[in-house]
Structures are given as structure tokens and as C-alpha cells.
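Line order of the protein sequences matches chains A, B, C and D. Under numbering that gives the first Met the number 0, think of the first position of the first sequence as 0, with each following residue one higher. Under numbering that gives the first Met the number 0, think of the first position of the second sequence as 0, with each following residue one higher. Under numbering that gives the first Met the number 0, think of the first position of the third sequence as 0, with each following residue one higher. Under numbering that gives the first Met the number 0, think of the first position of the fourth sequence as 0, with each following residue one higher.
Everything hinted at is true.
Just the calculated beta-carbon pair ranges, DEER-fashion:
(1) D/155 x A/141: 40 to 48 Å
(2) D/252 x B/148: 21 to 29 Å
(3) D/421 x A/55: 38 to 46 Å
(4) D/6 x A/6: 42 to 50 Å
Below are the DSS-like pairs computed for lysine-lysine, each with C-alpha atoms no more than 30 Å apart in a straight line:
(5) D/419 x A/100
(6) D/419 x A/127
(7) B/17 x C/334
(8) C/419 x B/121
(9) C/334 x B/127
(10) B/100 x B/137
(11) C/419 x B/17
(12) C/419 x B/127
(13) A/121 x D/419
(14) C/334 x C/419
(15) B/100 x C/419
(16) D/419 x A/17
(17) A/17 x D/334
(18) B/121 x B/137
(19) A/127 x D/334
(20) B/100 x B/17
(21) A/100 x A/127
I should point out that these hints are in silico values taken from the structure, not numbers from a laboratory. Ideal Cβ positions, reconstructed from N, Cα and C, are used throughout, including at glycine.
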Amino acid sequence: MSQELDALYQEIILDHYKNPHHAGLREPFEAEVHHVNPTCGDEITLRVHVNDGVVDDVSYDALGCSISQASASVMTDLVIGRTVDDALSIHEEFLTLMQGKGSVEPDEDVLEDGIAFAGVAKFPARVKCALLSWMAWKDATARSLEASAR
Amino acid sequence: MSQELDALYQEIILDHYKNPHHAGLREPFEAEVHHVNPTCGDEITLRVHVNDGVVDDVSYDALGCSISQASASVMTDLVIGRTVDDALSIHEEFLTLMQGKGSVEPDEDVLEDGIAFAGVAKFPARVKCALLSWMAWKDATARSLEASAR
Amino acid sequence: MIPGLLPELQVIRKDFPILERTLAGGQPLVYLDSANTSQKPQVVIDAMVDHLERHNANVARAMHQLGAESSEAFEAARDKVAAFLGAPERDEVIFTKNASEALNLVANTLAWAGPRQLREGDEIVITEMEHHSNIVPWQLVAQRSGATLRWFGLTDDGRLDLSRIDELITERTKVVSFTWVSNMLGTVNPVAELTRRAHAVGAIVVVDASQAAPQLPIDLAAMAPEERPDALVFTGHKVVGPTGIGVLWGSRALLEELPPFLGGGDMIETVAMERSTFAAIPHKFEAGTPPIVEAVGLGAAVDYLRSVGLDAVHEHERAITAYALEGLATVPGAKVLGPLDAAERGGAISFELAGVHPHDIAQVLDVRGVAVRAGHHCAKPAHARFGVQSSARMSSYLYTTPEEIDAFIEALHYTRSYFKVA
Amino acid sequence: MIPGLLPELQVIRKDFPILERTLAGGQPLVYLDSANTSQKPQVVIDAMVDHLERHNANVARAMHQLGAESSEAFEAARDKVAAFLGAPERDEVIFTKNASEALNLVANTLAWAGPRQLREGDEIVITEMEHHSNIVPWQLVAQRSGATLRWFGLTDDGRLDLSRIDELITERTKVVSFTWVSNMLGTVNPVAELTRRAHAVGAIVVVDASQAAPQLPIDLAAMAPEERPDALVFTGHKVVGPTGIGVLWGSRALLEELPPFLGGGDMIETVAMERSTFAAIPHKFEAGTPPIVEAVGLGAAVDYLRSVGLDAVHEHERAITAYALEGLATVPGAKVLGPLDAAERGGAISFELAGVHPHDIAQVLDVRGVAVRAGHHCAKPAHARFGVQSSARMSSYLYTTPEEIDAFIEALHYTRSYFKVA
Ligand SMILES: Cc1ncc(COP(=O)(O)O)c(C=O)c1O
Ligand SMILES: Cc1ncc(COP(=O)(O)O)c(C=O)c1O
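Work out the full structure, taking the sequences as your base and the hints as a guide.
Next comes the structure, spelled out in C-alpha cells:
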């Protein structure tokens, strides 16, 4: 029983939950988005600052369960400082992991702490929690790029 | 098989169907109504002329199956020339017969040819056909009385 | 044997428990009212029972194991329906309560504020052969919006009269809504051509596939975009699925432009006292607890039809319909309403029998176990067009046998003799 | 034994096949999510199967033997629901697809032309504890009609704040709509008093009985006319019936004043190209093929509840709720939202657990087989009122045992230890 739970609530996840990285809303930013998980009401407000093709900062204010909060924290670790292209391909990889129903082997070199979410993929109801911040980031990034293109 | 049908399609019914009594729309009248059976689309336009508490005339134009047409014919036979009160109590008796699911014994002294409809009560889908003209008559009579009261 | 019949017809009949029933007087059931509602195969019933006995929970909102199972079954049903229609995207499939609600959804949301809002001067075009469910919503919405309702007329042989198409489909036309297959006349309408014409003037096209989905293969994704309708509806109970569920397929573009229809649980993004925002499709249009066990049943139903093969079902319908039309030609005084060539029509055949009212035909047939429909079949304007107040209708499906058609024709002969029409 | 429990509890449990299920890891199911949807007894499932296997046909329009059987079963279900509600007239019972549609039906038809049409300056009063399904329809209709939406606030202990009733219910008020029992707080609202006040200013009253119908005896005919709501809705799947069906009861006076809602088959009197006229109630509001097999299931469901006895069900709920509230009081950091006295509330208990997010509570419980709901329970404004974004909710029903409550409480203790909140 507790094994099953431990597969979901990896230490890494609980650590990020208790001490989220890059939390809070900061300036500068080109786009701010607000995403909601309509099922349970989890919310995130997220800002992206892209500079010269690089994700310079991602800041956020999130309300939600351990999985959704930890995921936001891990996501910022993974994308801040990367080029948008690299960050998008990490996003893609995380998405694949989450939608794999537990059959996808995560690549630690790419996903780092994100591999702790491999267990979440086996809990269909929690996949949305893990993806909330990632979807918000993707949306905000697209808008940032649009904003700078204008 | 044919016995079952014969219980529904009594000779009397088929006779009235082929040679309906009092058919056609006539003057004078105080009220004209148009009733429809929404299920199958059977229609009747019916006029009532009440004079001094007596049903002087009932005239009608009906489109419908043998049961609904024969019922209109029998109804006019039964109510024309009666006092409104007597006619209403015949209406009541016919309604009771039709809603009895075949368990009500009809009184020939009151219903005359109407007793032929006893078999119809066993065919729930046809009860509405038999009642269409009677309902129209009751409605028109109520309106006639209102019209004369004004 | 008649060519085109389903080779495994007797096996298929075994799938439908009700076909074993006998009626009053020990008469076997000859069910020829499938255009009204179809019978259900065991696998549909079993899927529903299994769901109710083992997996029942609310969807989306419930995150426990039963909730996950139920949500998965419900969303899998959406995938199955999307595959059945060849829908470009599975999220374009909206579950409603029946085809009527689906049509009302489109009509009503077009009348409310939004980029496609109907206004005075706008025109809605329907046809004289529509089912009431594709007439009344447009009448009500025309009344409320000030738009004008216009009608394609019918030719004497029961086809759409396309000779006035240029007058009917104009720059003022905002919506063209029509049935793919008529439930009264059996006519199969030219979806591609009408859609192309409507799209050319910027109108959206709504197709009522309530009678088409049961018997024609549909592949939306394979249609040329200019010939693909913007919305298409059908109803669960006519495709061997349960009542209580219908389907609206709409293109993402259209569904995103339309405002929400019913408000409530599950169709929201967030609700606050000041205002609410709405979920993305499909949930935007699914307010409240959806028809969960019905979706499970419908999913099993469309999978069943696909396993038989819609081409094969279509062939079978055509063969049975041709056989029935031949049979009707032997009955003196029988007159078929609608096209007489089975190759160009669906499986519902409405007819008159001189000297006997349709109700009385249906009654005599019923005593012999033959179930047909009598009345206006929810198509009063089409009846009025042909100057008849009502008609009788026989309609077959994938379980119908030639022997059942024989019983039907024989019963018509008997009806004539019973009512002494000579 | 706890007083008030159903004496035949073990027998009742046997009626519900799903309660025998085990979940992942062989855990027995402890289903505490009945306010979300209830489980179904065998008699409901069997009634549906029997209908599908032996009596399936369309209703009203089909006049053959199967059609007569199906129509009779469908209309008998209306009689059963009428008896369940103590409805003054059986024709006042309208079948919808769920409670949400029923609420939307009333809201929308009030916004359309008719003697009660909502206009600018008119006010609609709801409450802060409503389910989204009794909020969003009024928001949308207020927007479209220009009417103003006003709200009863809540007291800190989760009751309606009636101190402002004179400001809220005024001559401008046209509709007062509120839930009888809150699905989040469990609060039971004073229907009679609110209705009397609303009627005194000429407003109509709509009661959302989605949570009341499963657990309180309802007898509309026995209510004093001035205290009897004008409309009341509930949903099939919460009263041990199937999904895909809901009920709107409305007084004949109100239903006759409202214009039709959806247009289509079966709700018409006659349809012509120029205009259509509409059937009498209940059919006026039932467009298209109704939820037939669902009505059959719902009829069996309300008969089942009546055979157990709604008073006994209510007693049982109260006993279990009291026991659960006691148990929760032993869990450090557990905080119940809503009234703490079981005698004054329904069977849904929303709570927080300090240091653990509701989602995570539900997850840990689920691994132990205990199914509860986490989130906003479609009541975001009520959550906002109490400054919480979400909560966990356990909800019992007539099949819930004290042992299940023990398992739930134990699982909460385990949750605290698992997340190391000390
Ligand atoms: C109080 C209340 N009102 C309305 C509803 C909506 O019911 P449904 O989702 O069946 O339409 C629910 C349940 O979800 C409820 O608890
Ligand atoms: C062509 C057509 N459209 C619409 C409908 C309406 O379907 P439903 O009654 O399931 O809403 C029907 C069937 O009754 C139909 O035959």
C-alpha cells in the first residue's frame, strides 16, 4: 500500500512541494497566463521572460496539490536558462512521459528531477495535476514570442 | 387473430366509419374548435350549437382512422338533442369505458352504439383515437356556454 | 438468396435478444420500426450492465479508482464515436441527450451573442422533408432572432427540388440545415453538393444524420473541406445504442465560435460571483453529469456496427428495401411515398393503402406481430406536401430478413381483405 | 449499535452489486462519494435490462404492441416519480437529461417572450452555496435578459445569512432559486420560509433538490400552497437511478406560462411551414425521443427508495453523518466546513486537513480503497466564501456502514502520518 503511494509521492516530489523553486511572481516578463484545472480547481498564474531566444525567467503563483506544485518547481528548474527550442523539447519529453500510462522510461539526462514523475503517469487522475504548470508555461512562452515579434 | 381484430373493429364501428352521421360543418354554432392527436396527426374541426341548455347541433370535419371517425359519428348521435347536462354525463360514461382497460361493462341504454367501443379500451394506443371527437365536443360545448353567457 | 444480404444474418439476429420475443397470441415479432428506434444487441446491454455493476462513478470530477475507470470508459466512448464518424478530432464529439438536443444546441447558440449571431435579414434554409426536430428549433430561433426561415421544396418523386437553389442559397444565408436521409421518404440528399454551395456563400451547414448514421458509412475526415458539413448530429437509440444519448459533431472552428449552451457543472473553467469562464470543447457543451452509462452503451453500439461493417449494413438495407419495394408493388392500392429505386434511398418506406387508414393498417399488422409505424412520423410538412395527412411506414435494419418482409406483405394483403377493399 | 441505522443494512448492501468489488491491491471498496453519484441496486439494473431485452420501442409515436409496452413503462415511471415527490399532478413531472438541464430549462424559458419574461430591472436571487448548475444558467440568462443576479451570503457556520432577506427579496425579485441541501456544506435550507417570502413579493421559487431528493422525504402536495415551490429539480443518478435522466417538477400554472424550451419531435401539437403549435405538459417540454430506458430505471429506483422508506433513509444518513463527524473530531488538524450538528445537515461532509492538500488526501484514501471527492465540488463561490480553494468531501448513503466510516477515519490518521504532519 505504502509502496504504491511511494511510487507516486517520490521524495523528490515532496521536497519540491515543501520548498518550491522559483516561486512567486517577478518582473520583467512578456506574458502572464492564468491556467485552471477545471476538474479540481487547481490554479496557476505564470509569467515568462524570454530574451534573445532564451528562457530568462519563469515565475509563478500556484495553488494546488503536491503533484501540481512540485511539477511547477521542477519545470522552472528545467527550462530557465535554456533556449526556447531546448525547453520546448524538454516539455515534449515530459508530456510523453506523463501520457505514457507508466510505460515510458524517463531519461534522467533530459528530465533530471522530472523523472520522479514517472510514477504519476500510472495515476490517470493526477496527470492533469502534473501538466498544469507545463501547459501554462508553453502557452505563456508562445505569447512571449508573439509579443516580442510584434 | 381475426377474433382479436373483430373485438376492435365491431361491425357497428365499420358502419359508422363508412357512413358517418352528422358529418360536415354547419351553421349556426357558438363555438368551433380544432383538436389534434399529436401522436398520429388525426384532426377534427368541430362546431357546437347549444340552444336553451340543449345540444341542438354538432357538426364536424374529421380526418383520421376508422376508430376516430366512427367515434365522432356515434358521439353526435348520442349528444344531439340532449340537454347539455345529460350529454355531459354520457361523455363521462364513455370516458370511463375508454379508460377502463377493458374492465368496464358498458351500459347499452346510455351509450347505444357507443358500446361497440368497449373493445377499443383494450388497445391503449387506440383510446386516444376514440376520444378525440369527444374531447373536442366537450371543449366546444364549454366555449359555447361561455359565449352565450357573455 | 437475395444478393447483398448480410451473410451471417442468422448469427446477427442471435445478438438481439428481443427478436426471440413472441407477442399476443404467440405471434413471433416482426420488427419493422427501426427508423423509429433500433433494437439493441446483447453486447450493448452487457457493456451497460458491467459499467453499472462494476465501474459506476461520476466522471471527470471523481479521482478515485472507480472515478478513473468510469472517466476512462466515458472518454473511450468518445473515441469510438469519433472513429465511427471519421471525425477530424475526437474533442469535436459532444454528447447530448438525443439528436433533437444537438440540433437545438446549434440553433440556440447561433441566436446568442457571438461572431455568428443570427440577426434580422439573415436567412436560415431548411427543407420540406425535415423531421420536426430539424424544423421547430429553427422556427423558434428565427422568431427570436428576427432571421427568416426558408425552405427547399420537394419534387413529386420525393427529392429536394434543387432548381431554385440559386434563389435559396444567397449572400443572406447564414445556415443551411438538412437531413442526410429522410425518415419519411427515404430520400438520400446530396450532402457534398449542398455543402459546397452553402460554403460558397459563407453559410454554415448542419446535417441531420439521424437516419444516415445507422446505415451509411460516414467519414468526415475524408471529405473535401469545402464539402464537409460544419456540424452533424445523430441519436444513440437508432444506431443500436441506448436512449438518453445523442451526438453533435462540430468542427473545432465552429464549436469554438459558438457561445456555451447549457450552464452548470463540468462545462466551466472557473465560476465566480461576478462571472464565469468556460472549459474547452468538448466539455464546454456538456453541462452537468453527462449520460455516462449511455455513452458506454453507445460506444459498444458503434463498435458493433463497425465490426459488422457499415458497407455491409448498407448493402443489406438496400437489398431488403429493394425486396420490400417489389413486394409492395404486388399489393393493389399500395402507393409508396418517395423514390422507388432502392439504390437511391434509405431503408424507411412510407406508403398508403387505398381505402384503409394508416392507423388501421398498423393495427391489423400488429395483430399479426408485424410492427410498423403509422402517422406523420414527425414530418408533417412533408406529408402536407404530398397531400396526405398520415402514412404507414415500414423500416428495416441489419437484423431484418426477407421472410419478415414476406410476412409484412402478406399482412398487407390480409388487411385489404379484412377491410373488404376490393 | 448506533441508533438510527437501517436495521436491514446488510441486506440492503447485498442489493448493490458494486459493493462487492475489490480495488487495486485487493482493497475492498469503501464508497464515500454518493453525493457525487450513488450506486445502483440490482432491481434498477434488472428493470433496465428487461426493458432493453423485451420491451424496447419508441414511445408515444409507436402504436404496435412493443410501442404500447414501452409507452406504458415510460409513463408508469412518471407516475412513480410523481408519487415520490408527492406531486399534485403527474403531468407536472418533466423528464430532462439531468438536474442541470432542468435548471437551464427554467432559466432559459424565463428569458424568452412570455408572461413571466425577465427584463432589465428584474432581479434573480440565488445563494452563495449553490452548485454551479444553479449559478451559471442564471448568470447567462441575467446577461441575456438584462436582469440582475443577487446572492444570499453565508454565515461563518455555513448557513444562509437571512439577516438581509428584506433587502434581497423585494418587489423587483422575479425568481428565487436555491438548493434545499448544500452538496458542499451539507446545510439544509428553510424551503418553506424562503418560499413564503418570495411568494409574498410575487416571485417564483425554484428549488434544487439534487441533494435533498436522495435523503429527505418530499411531499409537495402536503405543503401549504404559499410555501410550495413553483419548480423543483433533481437528478436520476443521485437517487440510485441511472445517468441520462433528471426531473423537473413544475406547478401546472408555471409550466403553462413558460414557452417551450427545446423544439422537436413529440413536443408539438402540429407543425406547419408557417408556424407550429405545442403539446400540453408534460410533452411540451420533452423534445425528441425521451430517456426511455432511463425513466424505467429511475422508476425502479424511486420505488426502491420508497420501499426502504425515505424517513428510514434520512435517519440512517443522520446516524452515519453524526458518527463521521465524531470521527473527524478525533483527527488532529481536520476542519469541517458547514454545520457541525448532524441533525441540521445532509450527508455530505467537506473538510480540510491541515498540511495536506485535498487532492493528496483523496489519493492516500484511494490507495486504501476509500473513495472520497476532492476539489471544489462544483461550488467555487462557497469555497471562495470560506477562503479555501478546495476541500475533501466524504458522502454516505443508505448502504454506508459505521465500519466504512471507521476505515475512512483510520485512513485520515494514516494520511497525516504519511505526509508527516505532526
Ligand atoms: C446541489 C446540486 N445541484 C445540481 C447538481 C447537478 O446534477 P447533474 O450533474 O446531474 O445535472 C448536483 C450534482 O452534481 C448537485 O449536487
Ligand atoms: C431524421 C431524424 N431527425 C431527428 C430525429 C430525432 O431524434 P431523437 O428523437 O432521438 O432526438 C429523428 C428520429 O426521431 C429522425 O428520424
